[in-house]
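A.B. asks: What follows is the residue order along each chain.
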Amino acid sequence: MISKALTGASTKPIVLAILRRGESYGYEIIQQVRDITGGRMDWSEPMLYPFLKRLERDGLITSQWRLSDKGPLRKYYRLTAEGQKELEAEKCQWLTVHSALTLLWEPVEEKG
Amino acid sequence: MFDLEKAIAGWKRGMQKNPSIEESDLAELERYLRDKIDDFVGAGLEPEDAFRRVEAEFVNASGLDAAYGHARAARPGRRFPWRPGGFDFALLRSNVRVAFRRMVRQKSFSLINIGGLALGLAVCLFVFLWVKDEIGYDRFHENGASLAQVYSTFEKEGGDRMVFTGSFYPLAETLRAECPEVVEAARISIESGFSIRAEERVSHTDAVALADPSLFKMFTFPFLKGNPETALADKYAVVLTEGMARKYFPDQDPIGRTLRVNGQFDVRVSAVIRNVPAQSSLRFDAVVNFSLQFAPSFQSPTHWGGNPLETWIRFSPGADLRAVTEKITAIVRPHFEKASGRIDFHLLPLLRKRLHDPEGPGLFRMIFLLSGAALFVLALACANFTNLSTARAATRAKETGVRKAVGARKSDLVRQFLGESLGTAFLAFVVSLFLVLLLLPVFNRIVGKALSFAAVLTPSTLLGCLIIAGLAGLAAGAYPALALASFRPGDVLSARKSGEKIRSGGLRKALVVFQFALSLVLVLITAVIGRQLSFIKSKDLGFDRRDLVVLGLGPALAGKFEAFRSDLLGHSGIAGVTASLQNPININSTVFAGGVDWPGKDPASQATLNWDYVDFDYFETLKAEFAAGRPFSREFASDLQGAFVVNETAARLMGLPDPVGRKMRVFRQDGTIVGVVKDFHFQPLRTAIAPIVFGLRPSARSTAFIRIVPGTEASSLHLIAETVRRFDPDAPADPVFFDDLMLRDQYAVEERLQTVSRYLSATAVFIATIGLFGLASFLTRRRTKEVGIRKVLGASAAGLTVKLSLEFLLLVAAAGLLACPVAYVGVRKLMGMYAYRAPVGIGLFGLGILSMLAMAALAVGLETVRAARANPVDSLRYE
Numbered sequence: 001m002i003s004k005a006l007t008g009a010s011t012k013p014i015v016l017a018i019l020r021r022g023e024s025y026g027y028e029i030i031q032q033v034r035d036i037t038g039g040r041m042d043w044s045e046p047m048l049y050p051f052l053k054r055l056e057r058d059g060l061i062t063s064q065w066r067l068s069d070k071g072p073l074r075k076y077y078r079l080t081a082e083g084q085k086e087l088e089a090e091k092c093q094w095l096t097v098h099s100a101l102t103l104l105w106e107p108v109e110e111k112g
Numbered sequence: 113m114f115d116l117e118k119a120i121a122g123w124k125r126g127m128q129k130n131p132s133i134e135e136s137d138l139a140e141l142e143r144y145l146r147d148k149i150d151d152f153v154g155a156g157l158e159p160e161d162a163f164r165r166v167e168a169e170f171v172n173a174s175g176l177d178a179a180y181g182h183a184r185a186a187r188p189g190r191r192f193p194w195r196p197g198g199f200d201f202a203l204l205r206s207n208v209r210v211a212f213r214r215m216v217r218q219k220s221f222s223l224i225n226i227g228g229l230a231l232g233l234a235v236c237l238f239v240f241l242w243v244k245d246e247i248g249y250d251r252f253h254e255n256g257a258s259l260a261q262v263y264s265t266f267e268k269e270g271g272d273r274m275v276f277t278g279s280f281y282p283l284a285e286t287l288r289a290e291c292p293e294v295v296e297a298a299r300i301s302i303e304s305g306f307s308i309r310a311e312e313r314v315s316h317t318d319a320v321a322l323a324d325p326s327l328f329k330m331f332t333f334p335f336l337k338g339n340p341e342t343a344l345a346d347k348y349a350v351v352l353t354e355g356m357a358r359k360y361f362p363d364q365d366p367i368g369r370t371l372r373v374n375g376q377f378d379v380r381v382s383a384v385i386r387n388v389p390a391q392s393s394l395r396f397d398a399v400v401n402f403s404l405q406f407a408p409s410f411q412s413p414t415h416w417g418g419n420p421l422e423t424w425i426r427f428s429p430g431a432d433l434r435a436v437t438e439k440i441t442a443i444v445r446p447h448f449e450k451a452s453g454r455i456d457f458h459l460l461p462l463l464r465k466r467l468h469d470p471e472g473p474g475l476f477r478m479i480f481l482l483s484g485a486a487l488f489v490l491a492l493a494c495a496n497f498t499n500l501s502t503a504r505a506a507t508r509a510k511e512t513g514v515r516k517a518v519g520a521r522k523s524d525l526v527r528q529f530l531g532e533s534l535g536t537a538f539l540a541f542v543v544s545l546f547l548v549l550l551l552l553p554v555f556n557r558i559v560g561k562a563l564s565f566a567a568v569l570t571p572s573t574l575l576g577c578l579i580i581a582g583l584a585g586l587a588a589g590a591y592p593a594l595a596l597a598s599f600r601p602g603d604v605l606s607a608r609k610s611g612e613k614i615r616s617g618g619l620r621k622a623l624v625v626f627q628f629a630l631s632l633v634l635v636l637i638t639a640v641i642g643r644q645l646s647f648i649k650s651k652d653l654g655f656d657r658r659d660l661v662v663l664g665l666g667p668a669l670a671g672k673f674e675a676f677r678s679d680l681l682g683h684s685g686i687a688g689v690t691a692s693l694q695n696p697i698n699i700n701s702t703v704f705a706g707g708v709d710w711p712g713k714d715p716a717s718q719a720t721l722n723w724d725y726v727d728f729d730y731f732e733t734l735k736a737e738f739a740a741g742r743p744f745s746r747e748f749a750s751d752l753q754g755a756f757v758v759n760e761t762a763a764r765l766m767g768l769p770d771p772v773g774r775k776m777r778v779f780r781q782d783g784t785i786v787g788v789v790k791d792f793h794f795q796p797l798r799t800a801i802a803p804i805v806f807g808l809r810p811s812a813r814s815t816a817f818i819r820i821v822p823g824t825e826a827s828s829l830h831l832i833a834e835t836v837r838r839f840d841p842d843a844p845a846d847p848v849f850f851d852d853l854m855l856r857d858q859y860a861v862e863e864r865l866q867t868v869s870r871y872l873s874a875t876a877v878f879i880a881t882i883g884l885f886g887l888a889s890f891l892t893r894r895r896t897k898e899v900g901i902r903k904v905l906g907a908s909a910a911g912l913t914v915k916l917s918l919e920f921l922l923l924v925a926a927a928g929l930l931a932c933p934v935a936y937v938g939v940r941k942l943m944g945m946y947a948y949r950a951p952v953g954i955g956l957f958g959l960g961i962l963s964m965l966a967m968a969a970l971a972v973g974l975e976t977v978r979a980a981r982a983n984p985v986d987s988l989r990y991e
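Residue numbers (my numbering), protein chains in the order written: chain C, 1 to 112; chain Y, 113 to 991.
Incorrect hints may have been included.
Here are the computed lysine-lysine pairs in the BS3-like style, where the Cα-Cα straight-line distance is at most 25 Å [said to hold, decoys possible]:
#1 Y:Lys129 / Y:Lys118
#2 Y:Lys148 / C:Lys4
#3 C:Lys12 / Y:Lys148
#4 Y:Lys522 / Y:Lys510
#5 Y:Lys735 / Y:Lys649
#6 C:Lys75 / Y:Lys124
#7 Y:Lys244 / Y:Lys561
#8 Y:Lys118 / C:Lys75
#9 Y:Lys621 / Y:Lys219
#10 Y:Lys129 / C:Lys75
#11 C:Lys75 / Y:Lys148
Selected chain Y positions facing chain C (in silico; Cβ < 7 Å) [to be verified]:
#12 Glu140
#13 Leu141
#14 Arg143
#15 Tyr144
#16 Asp147
#17 Glu169
#18 Phe170
#19 Asn172
In case anyone wonders, no lab produced these hints; they're calculated from the structure. Backbone N, C-alpha and C define an ideal beta-carbon position, used for all residues, glycine too.
The shape of chain Y in the complex, shown without the other chains (with noise of 0.2 Å):
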């Protein structure tokens, strides 16, 4: 039995199948269907007949589905929305198909590209890693933010500014007794050196911060055992971080033990703390009372000298930290009144410490520097990136067209291409984590720090990288996107005119130019730091650094120095034996023009000296020449009773022509100037020689010197140990050569950032190097078929060759004068910091680019030499 309803809902699921006839279109022909079936059962036909009838019309209308696509388009004859809209899953599967077989067929390429952008990115997340570990320092303290280092500044009246990050023995109590926005103060002093006894167990490797016992109440260092508000109270008292108890008492409860100090007093364990974090400015193994490095009577000094120890204040919250310096130095200055210069206290808050302190080593301008020069690879990666994609563009004009012909937009081919290249993006980003994950440790040796991959695995991490990433991806995939996307398909698929003719070459050299300027920037600039570090290595101090053995003095050695040195100099390895208070590496000690003075001084000088205690045979032992006068010395008992020398420009400096013989007085001290030293560097080369008077002081012994014969290192420095070690089992017998002490002191910046630069331009260098070599040899491979009728015609392979890396060679050349001046302006800003200079010449900048050429041709010099020996007959054929 026929069923009409049951007929025409078969007749609609049929006509569903038609992708453009749309619900409400198929309701109107319902209705048109319904309406004939009407006409003709009134008319007398059975319904089964008057449906087949109907039917029979959509049958022979086969193009309805079509004609309704036409009807809906945008415009007219263009395309079919035969997929209206929406997801295309399958497309997006064919084009990362697509994608992927482009890849696996052309590997160099991709290589080159992958690689060139990750190494980018890896360079960029070693730089951020590195300075979000900079950035974190100090950050665990409860108080950290309203906690704020106490330093001063020195300002003579002639304009010379000096910072003291050092201060004053009164200064935190005076502090917490006039200012009421100071809630806390604390005197901290971190020594190492000491030498630590536990019953068997000795060492002098531990820090030692000597602090009040305030320190507690500002810092967060939490306890394991012991109660901090009463864990300094005794003098006597020691707090342990957790590995150094477990260093001296293993397996036993460290409270209440004894640790005995440089064999001269026991301290007792209160309390045991947790291990100072990695991140910390203070750091230190032991906590031990301030008022312990004075005599038992003595409890603490009340005069205002300048001291090796710093304060450190909590400020009350929401204090204004310009006010409450304006009163720190409103309520100190009167203790100055004497000095003669304007002396200013200033607030370094906890937290830019690490990276702002004033006389730290410049983390800063380093963190500016190198995150700088990231960006400048990260940039150079990008470059190298879009640059290869362009030039691989032309290749892809075919598809292009083939792709709009058969119906895809502008706006589809500018999601695929971009997608392609977020895509490659995203894969240089995986890779450039395996990087990382692989060559941490070297960089962790690099820096020297322990960072970890962990880092890099939090979220926002994670999602930063992403968008740095995506952005590379973006902006690499930008302009070929666009680009192709706007290729007229009759163009490029017309024979005339195929992908040959679609450049980007304005943009592509461009490109290169500003690779290899970037390049040579980062390199001039790193041959410029190396320059220079060799030039603090091999410069005229003023006195003889080889051969030179520096040595800490502990309490107990220093007492019995004079036996010791004569044990030393019974051997032949050893030419001369001194000692004196302060290293010659760094002396920055000074008296201000109140504490010195000399007959005829005028009373308006502010002359400011530096000074130093030594013993007998100092500048013999240093091998300092003498100007006039001569050196210290045994044979005249008057100098023990107050001899000075001054250097030379001391000697300017007091306006004396002849200063041999005279009186003079610094601090309290009378004594006469007994001779002149020839000015020596006893500051980093970044200042200049200062005046400095030297007192002698044979009782204000803590470092010794002590001048060995050449071609007996090894012997000699084995046999200062074992003296050392006869003379205090406790001391720390590990003397160094000089020339190593004051690199790793003074220059620990310098050899960083020379060692991280180096990297960086390495890997400048080597990005854009593999980027030209990738250019060239695929713009090379595309005139394959030029260079074989070239040949044909009886161009030699030499002059091909000569030809060809012509174009890439004078691209790089144009980078290398770019690029000259930018560098000079960043050597310039960079010498800027020493007062002493390693001489640059033109010959470096110039050698540079030579350099750089060299790189360069021989990048692109592999595949044109290539092209240009090939067969013609293969090339042409190939063609």
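Chain C extracted, bound-state conformation (with noise of 0.2 Å):
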């Protein structure tokens, strides 16, 4: 299991990367998410929901309640521009994160 802290501080760029495929709603990147991990995210799914509302505030994605062939009336969510610029930095936070533990775990040479 992915701890709390880990998943609250990567649900921003894991919905984010999402969204950058293409418009969805809730419950899909719900169900994206819990395909990509695994379903190892230690969190709430409806809680998912107040944190969309969030980057919507925030200005990083925007909103349509839409009918689609796939179903019923459902609220879709689409990437910004800044929404874009957010998503590469946070990647590029990421990726320093991960070089450096990977840099860290290289297997440890004894001391001459």
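Assemble the dimeric complex from its two separately framed chains, guided by the hints.
C.D. replies: In structure tokens, the structure reads:
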């Protein structure tokens, strides 16, 4: 299981990254996260919705109620230019952390 | 049986209780719920189980509502908009309750705060009532806007300008005939003192208007009985007001009945009109035909002379007043070619008469002064209010901090505090209404009016007052509200920086200075008015006005004057009896240069003299002294052939070094100057002593002067009244002392101004003083701990009192220095009205400042002495 703190920190880049692939609605985003992480994220699924609201308030995503051929009336979210930038920044940070950890996890050589 | 839709509906109802989850949020969450249930059912679960599992997710997500709240907040982490927008009645109720509790807890403070403002508002309301009444004069005439009085000014080539509101007999007729813009014209002369008798009833108090019949075509005096067209057609007709008709003919139809006037002739009642409204410049009880004042065979004089009648015109609608004025001057001026000077005619619109009468008592100036003073007092009360509120604001810092910490925005706080001050102002307004209601009779007595409280209760007045109260509340509350609302909660809540640190000392000091400066200006001006009035009362007029009784003479008594005089002189209490045409309280009849002549007169001389006809013993009775020659005397038979007495100013003007024995001509009478009387005042002290010539004409008696022996005032007055009644039962037997009559006739405005300004400045001082008291006690109480520590360290009570008081007293002293120049300018302006002024020295100003300081010391001292004498154990333990 991924810890609560890490889940909290990674939700934003994950959601933004999912939306970078194309617009989506809440339940679909939840399913995608579940698929990608294998259900190992420790979160309460309904909590995604206020989180989306917050991203929208911060101008990173926009939303629209729409009917689609796939089903009933749903609220669809889409990434904004601002969100795109934010995602790049997030990516940069996560990659820095990632490379740092990768480097640190190299097998340790005995000091001679 | 499980019903999924019902279950979802129940879930929705539960979710709706979350205040931060809005309808659209819930719709999205419901979509999630349904999608997930569909998935579970697709995977083989029973709908009920599927629902329970998804529902459980929501039960576990307990922070959902808060998360929505955070997501929606303007700034993250600041506050939860649990109650999104809108009016919150519960909060309002709580705020009102807090305000009310505070008010009750700080009783004296609230009393000062509300009482001060209420007093200020009440003063304003009183003055407003009075001004409204004055402005409302003469508005009841239908043609009011197109009526005007014709008056003239005469400018001598030397530059002296005289105003005559009295005009000329032929003026009305001439204007009607020759000036197309003049639609109607009427002569009016309102006289009183006639003796009017109907059978047994006799009265002298009625005012009778002698007027041309066109009066009723021009002015609106509604008829109850009779025909306006023909009411005054007959020379011996009289139109009575309702009140006068009832007085003389109770329970009878007055039409056709007769009244005997002055015991000389009878007039028949032809019509009855409604009583003349209180707000009328023309006031009378009866109207008779103007020609009634002349002998039966004589129609009306045609000469252009100065006469005591008013000429009123109604001009055609839309007429240009300036053009009409010029036309009138052009028409009339040729009649005055001989007058050596420039005569101009002017129109005084009826609606301006009350306030701007050129010969009137200067009501406009008085209104201006008093309105200004009332606004002063209101400003003072507002300053008081602000001051006390800011002082108190500091103690509310903690409350503000707590309110902010739990989420109040600045605008909420501004609203709360402004609302509080508006509420207080409104309360003060209600109190002021009660004050006005309570004190209206007193006020009416002071200003000599019958104002009714009903005038306050009109919507426009109430609205106006509410707006004033609202503005006062806003002005007074704005500073505390903004200052309080911008406190930073961290500052005021932390122990280090308590409310003590938050001060508005600068503003407070400025307001104290402002208040006391204003009060002092009012006090000083009041003192000067009082001084001038007592100066007038005690000024030596050049003759002995003490023990001098004035008596109006009707024609009957005037005819028997010699006998009347002998009768009176037979009593030991009477020292002298004489009579004259005019009263030396104000002799304003003049003879232009053309009408007066003497040998050696410069033909270019513009000399204009006042004149009066007097009886024998005139100067002796008045005790006027002579510079040369002698008064008129029965021992010189030639005096009755033509004799004059001039005053010193006249002698100088005439350029005669030794005038006694010289010939002189006044109007068409020749005579000899028999004496030069020393200058004495025969006009109000507003004007300098003018040249005057007295002619001897015993037949021209309209006023008697009786000198009584000092100490016999009551018995002599009684004797005079008795004697009058014996000689003429119909005559008004109301002898009055010269002094009283003079004050009543000439200085009524000053008297009234003095009374009103006394009240006003007393109110101002009172408000400022209680304000200072409130402020001092408040600030001193906040320094209880400091005082305690100082005492423990050895400070004496006296030293502490001085230290605590000095701060305030210095402010008051500064106010005094500030007020003096302002008051000086005001006083100079006021005194400019008088040719003879009471001496006003620096002492008066010093005294004003000192007494103000004494008041302030008393107000501050009460509290500081208490604080300084308190046992430090109590004060330190208390804190």
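A.B. asks: Next item in the hint list is glutamate 140 of chain Y. Is there a CB on chain C closer than 7 Å to its CB?
C.D. replies: Holds, because the Cβ-Cβ distance from glutamate 140 of chain Y to chain C comes to roughly 5 Å (cut-off 7 Å).
A.B. asks: Does the CB of aspartate 147 of chain Y sit less than 7 Å away from some CB of chain C?
C.D. replies: 4 Å, holds
A.B. asks: Hint check: is the beta carbon of glutamate 169 of chain Y less than 7 Å from a beta carbon of chain C?
C.D. replies: With Cβ-Cβ at 6 Å, under 7 Å, it holds.
A.B. asks: Assess, step by step, whether the Cα of lysine 522 of chain Y is no farther than 25 Å from the Cα of lysine 510 of chain Y, and give holds or violated.
C.D. replies: Holds, at about 15 Å.
A.B. asks: Does the structure keep lysine 621 of chain Y and lysine 219 of chain Y at a Cα separation of 25 Å or less?
C.D. replies: 24 Å, holds
A.B. asks: Hint leucine 141 of chain Y vs chain C: min CB-CB distance below 7 Å?
C.D. replies: Hint on leucine 141 of chain Y: holds, closest Cβ of chain C at ~6 Å, below 7 Å.
A.B. asks: Can you confirm whether the C-alpha distance between lysine 244 of chain Y and lysine 561 of chain Y stays at or below 25 Å?
C.D. replies: Holds, at about 12 Å.
A.B. asks: Does the alpha-carbon distance linking lysine 118 of chain Y and lysine 75 of chain C stay inside the 25 Å limit?
C.D. replies: Distance of about 24 Å is within 25 Å: holds.
A.B. asks: Does the alpha-carbon distance linking lysine 148 of chain Y and lysine 4 of chain C stay inside the 25 Å limit?
C.D. replies: 23 Å, holds
A.B. asks: Between lysine 75 of chain C and lysine 148 of chain Y, does the CA-CA distance stay at or below 25 Å?
C.D. replies: Satisfied, since the Cα-Cα distance of roughly 16 Å is no more than 25 Å.
A.B. asks: Quick one, is the phenylalanine 170 of chain Y hint okay against chain C at 7 Å, beta carbons?
C.D. replies: 6 Å, holds
A.B. asks: Measuring from the C-beta of asparagine 172 of chain Y to each C-beta in chain C, is the shortest one below 7 Å?
C.D. replies: With Cβ-Cβ at 6 Å, under 7 Å, it holds.
In this structure, none of the earlier numbered hints is contradicted; all agree with it.
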